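*Asks:* So the chains spell out like this:
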Amino acid sequence: MTTLDTRSNPLGADVQGGATPGWKRYIPGHHWRTADEEFDACTLGFWLFLATEVLLFAGLFVGYTIMRFKFPDAFTNGSSYLDWRWGTLNTVVLLLSSYTMAASIRAFQLDRQKQGKILLSATFIFGLVFLLIKFTFEYTPKLSGWFIAFDPALPHYASLIDGQALGGLFKHVEGYGGKAPGQFFSYAFSEDPWEPLWWSIYYCATGIHALHVIIGMTLIAWCFRRAVLYKAYGPSHYTMVENTGLYWHLVDLIWIFLFPLLYLIH
Amino acid sequence: MTTLDNSRAHELGGHGHHEGSYLTPKGGFWTTVWDWATTVDHKKIGVMYLGAVLFMFFLGGLAALAVRTELLDPVRTIQVAATDAAGKPLLDAEGKQVMKTEIVGQTLARWIPPKDEAKLGTVDYGNQLYNRAFTLHGAIMVFMVIIPSIPASLGNFFIPLMLGAKDVAFPRLNLLSWYIYVTGSIFAVCSILIGGVDTGWTFYTPYSTTTDAEHANVVLMVLGAFILGFSSILTGLNFIVTVHKLRAPGMGWFDMPLFIWAMYSTSIIQVLATPVIGITLLLLVFERMFRIGIFDPSLGGDPVLYQHFFWFYSHPVVYVMILPAFGVISEIIPVHSHKKIFGYRAIAFASLGVALVSFLVWGHHMFASSGELGATVFSALTFLVAIPTAVKVFNWIATLYKGSIALTTPMLYALMFLFLFSIGGLTGLPLGALATDLHLHDSYFVVAHFHYVMMGGTIITFVAGLHHWWPKMFGKMYNQFWANVGAWTVFVGFNLTFFTQFFLGTQGMPRRYASYVSEYQTLHIWSTVGSYVLLLGFLIHLFVFIHSLVAGRKAPANPWGGLTLEWEAESPPIEHNFAHEPIVTHGPYDFETTVPPHWNAKDYPLPHLPANAH
Amino acid sequence: MLKTLTNNMTTTLAEGPTGWWSYGWRWFFQNFGVNHNAIETDRLYMIIFWICVGWFIFLMAIMMYCVVKYRRRPGVPAPYSPSHNTRLELVWTIVPCFFLFYIFLEGFHVYIDKLVAPGDSLQMTLTAKKWDWTITYPNGAASPERTLIGPDSTQFGGINKSPAARPVPIFYMPGDIPVHINMISQDVMHSFWVPDFRVKFDVFPNRYTTYWFQAKLKDAQASNLKDSTGKDVVTAQGEKVPFIDHFIFCAEYCGDQHSEMLGIIRIVPMAYYLAKTEEWNIEGKSPEEIGKLVFQSQGCSACHTVDGSKGAAPTWKDLYLSHQPTNQGSVLADDNYIRESIYTPQAKLVDGYPSNMPVYTSAQIDERRMQGLIAYMKSLSKFASSTPAPADPAAPAPEKK
Ligand code: HEA
Ligand code: HEA
Ligand code: CUA
Ligand SMILES: [Cu+2]
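Residue numbers (the numbering used here), protein chains in the order written: chain A, 504 to 769; chain B, 2 to 615; chain C, 2 to 402.
These are computed hints drawn from the structure, not numbers from a lab.
Be aware that one or more of the hints could be misleading.
What the hints assert, rightly or not - Partial selection, computed: residues in chain A whose CB lies under 8 Å from chain B: (1) 543; (2) 547; (3) 548; (4) 558; (5) 566; (6) 569; (7) 574; (8) 684; (9) 685; (10) 686; (11) 697; (12) 700; (13) 703; (14) 717.
Just so we're clear, the structure is a prediction, and the values are computed from it rather than from any experiment.
C-beta atoms are modelled at their ideal positions from N, C-alpha and C, and glycine is treated no differently.
Put together the whole structure using the sequences plus the hints.
*Replies:* See the structure below:
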């Protein structure tokens with residue numbers, strides 16, 4: 504009773520295709536008096552966990568603030584290489600995903616299984632879109648200098664373009680690559696000696712945030728799987744989607760802070 | 002007296018009395034191993050933590066002995082007669098003895114010869130070994146021993162029992178945090194195996210980002226500490242929720258044992274401070290791997306920023322180390338003197354108060370580097386944090402008044418704690434005072450201070466708690482006489498080792514010195530001798546415990562007459578802790594009005610209460 | 002050395018420590034009253050000490066009393082006593098506050114003294130690097146004097162002259178006048194600590210920190226001291242100079258030789274200090290003399306020798322225009338090679354030596370000093386005066402010609 508395997512399927516004995524949906528068969532852990540208490544405890548625990556996440560990012564924000572205070576010019580200068588349009592697009596994507604996440608929890612609470620699952624997958628896809636934008640349109644050009652032809656930032660550099668690939672689908676901007684953090688920074692036209700520092704902060708903050716997006720997506724996928732296989736969530740039991748949702752909102756919230764701090768410095 | 006309302010217990014459907022103890026093997030050897038490896042029982046996890054922590058303590062202790070042995074004799078060169086392979090003295094053409102120069106005092110270098118012949122007998126090589134030894138010692142003791150010691154082993158085992166719960170709130174998370182702990186420790190051990198780390202446990206930049214640049218040891222060690230942080234966060238989070246949600250019926254916040262209060266405060270600090278060190282260590286790893294520059298002055302970063310980040314965690318963490326000890330003392334003293342604790346609420350609030358103020362004093366580690374305004378504020382707050390601690394000491398001593406004091410091993414240790422911790426805490430005052438700290442900072446005075454609080458405070462209390470709860474955990478008594486002999490040996494050895502270091506510090510001996518000018522040698526010799534006595538003391542304890550496990554008398558359920566709920570359970574407890582869910586009808590320290598569980602009024606006479614009592 | 006100092010100082014000090022608190026200062030401090038701030042620090046320390054001892058004994062006495070008086074007697078219950086007493090608890094919360102507040106105030110007070118240098122002080126700069134200190138005097142000179150110190154347990158309290166001990170710099174400082182030092186590090190953090198002054202401040206690579214002190218010489222009557230080699234310090238005219246030595250320790254962990262990063266501050270009369278710094282002033286000196294001064298003052302002598310004996314680094318004897326076996330092949334040690342070896346030592350590494358030669362910047366070794374060093378190396382080399390060595394870099398170094 505007290506080893507892992509007995510608890511690995513809290514949904515009861517007959518798993519697949521059982522007539523009763525998983526959430527109805529849910530039994531709380533043996534040390535809880537009621538399922539409600541367990542739910543409260545999980546939520547409390549999760550809020551505490553979110554607090555630790557906030558504090559983790561707080562460290563980054565403090566670092567950001569101090570460095571920006573010390574080198575304001577490097578920060579405005581560095582920020583000018585970020586395209587606020589990609590940033591805004593990503594903000595919108597994440598906001599939408601937050602909405603679908605919340606709606607999906609609601610759907611499960613009302614036992615609308617199908618709607619819930621669709622909304623969950625929508626959230627996942629939004630997450631994916633966010634990452635795609637981040638990696639293909641922001642990280643890759645900055646690190647290699649190769650832009651996709653329809654990148655809205657490209658016209659700025661039209662005069663500097665020095666190469667094309669795949670029939671003009673990709674364009675190489677001279678000297679734009681090399682905006683790596685710290686010591687790897689090798690951008691030829693850097694205007695500020697402290698710009699490498701700005702890029703360090705940029706990559707650390709957005710990179711760690713992206714990692715959180717990935718973790719959030721994994722949780723969502725896991726929820727989705729359980730919803731499909733066991734109908735695990737319903738009106739009386741939805742702890743895991745609820746907490747995944749909380750996590751996702753936090754990831755969103757952190758981006759809401761990062762976006763103006765990184766993209767909108769003037 | 003009853004704490005068990007049997008009618009209600011039945012209604013709740015207790016499992017009856019035939020359940021075996023949690024220690025009963027589940028089958029053959031491998032079945033049992035598997036059972037332990039996958040257990041979510043907080044008691045087994047507590048025992049697993051205990052084993053891991055004691056093992057790490059042993060490793061850290063060995064490193065400490067290496068440090069002390071090296072300091073026995075400072076590096077110097079002497080002229081010795083050269084000998085040939087057969088050991089005969091070599092003579093030169095004129096028949097005089099050939100003399101050669103030899104570096105002595107490098108004990109570690111002689112034990113661990115360098116791979117590279119050219120380094121043999123160089124001062125640098127000996128120093129490198131020493132620097133690795135003290136870093137290893139500090140890092141192991143802090144991250145792998147003292148932070149998890151009381152919370153993760155005794156806390157895991159006893160929080161649910163004391164709350165009357167069947168388990169912690171998230172049992173699987175609990176097991177996970179043990180595995181994370183082991184993983185982190187393995188990282189650290191790997192880093193030692195591939196060459197060790199010479200940064201000091203504080204990993205100050207820019208030294209830590211530049212040393213051994215081409216090797217991964219520092220990265221591994223820092224990652225290890227980072228991973229251990231997660232384990233600590235998860236444990237703390239688990240405990241907070243457990244305390245909130247799993248108290249037995251009838252147990253209000255102020256009916257909780259003070260150990261629980263202490264653990265609760267500790268957990269708050271763990272949850273709030275550890276993420277900050279997490280991001281700091283992560284940035285340090287990035288710094289080493291990518292030179293991102295946040296702490297690197299040549300790229301515009303700031304090493305002092307690192308110190309701020311580091312101490313923002315590491316100061317609160319010293320209270321993560323000491324608050325659980327306070328909790329244990331608050332249990333031991335009332336039980337072994339059959340006396341209600343004095344000023345329950347004051348102690349409970351002092352725990353919380355210390356937890357909160359501890360977040361505001363980190364700058365006192367940086368008086369020699371930070372600006373005057375900051376330093377002044379931090380100094381003032383440092384003194385503020387001493388007050389709740391002083392209040393607790395007064396309360397414990399007041400509890401002894403008109404008690405019925407038995408000098409059992411746990412009690413003996415608790416009294417030693419009062420002695421040693423007071424010294425440790427009081428020597429924090431000249432460190433907190435700005436003018437004196439500028440002299441004492443980074444000297445052996447600091448080393449002595451923190452060993453008095455960490456070793457004399459926490460480790461001593463850990464051992465005290467172990468003796469207090471040993472019968473409950475393993476169902477066996479131990480030999481009190483030899484345990485007391487061990488305790489006295491540790492006490493003598495400890496003071497010999499570390500009291501001398503106060504004088505070294507005020508006289509100017511800097512810390513982290515592989516060798517020193519000869520003025521300091523006498524005191525260093527005493528200190529080293531003391532550390533061997535300490536080893537002897539701990540070995541005595543080790544044998545007492547092994548003897549107890551192998552041949553100990555069976556322990557009664559409540560050997561000391563405690564009133565907290567864990568003494569209601571069997572020794573060792575059954576798998577679900579209690580046969581019936583306990584319902585709390587008396588306070589944890591009502592020794593004057595309650596006959597403890599498993600005792601009767603004849604063996605445990607209650608005092609005549611005066612009319613105006615309570 | 003501390004021991005030697007102490008004996009002299011304490012017996013000759015005009016005013017010893019007085020006051021109730023001063024009892025026992027000798028347990029903690031080797032000497033007393035090197036300067037005003039040190040006196041104040043010791044006083045504060047001892048006051049805190051006695052306050053703590055008072056509290057400690059008070060509490061331990063109660064504890065022991067209880068343990069003896071109320072020890073357990075079988076069958077006898079612990080008598081009832083209240084477990085709460087608001088008035089008592091208030092008292093023991095508030096009374097310590099007064100003590101703590103007093104300690105804080107005093108600490109702050111003396112701290113400000115330690116922080117703020119008087120306006121008329123002598124300005125100097127200090128650079129720290131692994132693992133050496135350099136102090137530059139107001140006239141731009143740096144002290145070339147070094148002495149061997151290190152652990153030596155054979156001669157208790159004595160000074161070590163053994164070959165493995167490191168030569169550490171001696172900084173001459175005038176007594177009875179405030180000295181103000183601006184400190185910067187070239188690599189990692191260090192911390193400048195003179196225990197006798199009871200002050201340390203960290204030295205950072207990215208910003209200046211300051212250190213100031215005023216050391217007593219007049220009242221201390223230290224003229225009967227010997228220097229670390231057992232000799233008197235004498236003027237050019239042969240007069241004995243009164244002086245007092247103080248240790249410098251590096252108090253911030255900085256790597257392998259952190260524990261060897263020592264130095265000595267030698268307090269001497271103003272006149273002698275001026276004479277010394279003038280002697281080391283590079284103005285009006287020949288390049289060769291300048292080179293020799295730099296060799297000693299910048300710490301080259303810690304690793305390099307000039308007499309051909311094997312040290313931690315290649316000897317400078319016969320180095321100039323010789324062929325050096327390096328990891329880039331054999332190299333002719335001409336002016337440019339030497340220059341490169343000093344500003345970017347990692348460029349070519351001499352075989353058989355570690356790569357720990359520190360980088361020197363043009364701020365430390367300016368053009369004049371660089372020329373001086375080269376001239377000095379020239380003067381040490383047998384190749385310099387005769388014809389240059391064969392130009393073929395692959396050829397083995399011409400051992401005998
Ligand atoms: C268990 C851990 C622990 C605890 C509890 C403490 C407790 C305290 N510490 Fe300590 N400290 C460390 C662990 C701890 N410390 C470590 C590890 C370091 C060094 C880290 C490193 O650099 O490697 C350090 C370093 C350190 C410094 C920095 C020194 C330096 O490097 O320059 C300072 C400075 O203020 C300080 C102060 C204090 C104070 C004021 C307390 C107070 O909380 C103490 C309060 C207790 C008492 C006051 C005694 C009990 C009370 C009485 C007996 C009643 C009578 C009292 C009065 C009337 C006041 N500590
Ligand atoms: C919990 C914390 C802790 C503990 C317990 C200890 C314990 C000891 N420490 Fe440690 N120490 C630190 C934390 C701790 N230390 C830290 C943080 C530093 C700073 C590092 C740095 O500068 O970076 C330090 C630094 C430090 C130094 C200074 C090094 C320097 O600055 O150059 C010295 C020197 O004497 C020292 C000595 C000792 C000794 C002799 C012990 C002894 O008490 C050890 C005794 C233990 C044993 C001998 C092991 C015996 C155990 C068993 C046999 C197992 C069985 C046990 C049971 C059954 C109970 N320590
Ligand atoms: Cu320089 Cu330690
Ligand atoms: Cu602290």
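*Asks:* None of the hints should be skipped; say for each whether it holds.
*Replies:* Each hint, compared with the structure:
{"no.": "1", "hint": "543", "in the structure": "holds (6 Å)"}
{"no.": "2", "hint": "547", "in the structure": "holds (5 Å)"}
{"no.": "3", "hint": "548", "in the structure": "holds (5 Å)"}
{"no.": "4", "hint": "558", "in the structure": "holds (4 Å)"}
{"no.": "5", "hint": "566", "in the structure": "holds (6 Å)"}
{"no.": "6", "hint": "569", "in the structure": "holds (6 Å)"}
{"no.": "7", "hint": "574", "in the structure": "holds (6 Å)"}
{"no.": "8", "hint": "684", "in the structure": "holds (5 Å)"}
{"no.": "9", "hint": "685", "in the structure": "holds (4 Å)"}
{"no.": "10", "hint": "686", "in the structure": "holds (4 Å)"}
{"no.": "11", "hint": "697", "in the structure": "holds (4 Å)"}
{"no.": "12", "hint": "700", "in the structure": "holds (4 Å)"}
{"no.": "13", "hint": "703", "in the structure": "holds (4 Å)"}
{"no.": "14", "hint": "717", "in the structure": "violated (16 Å)"}
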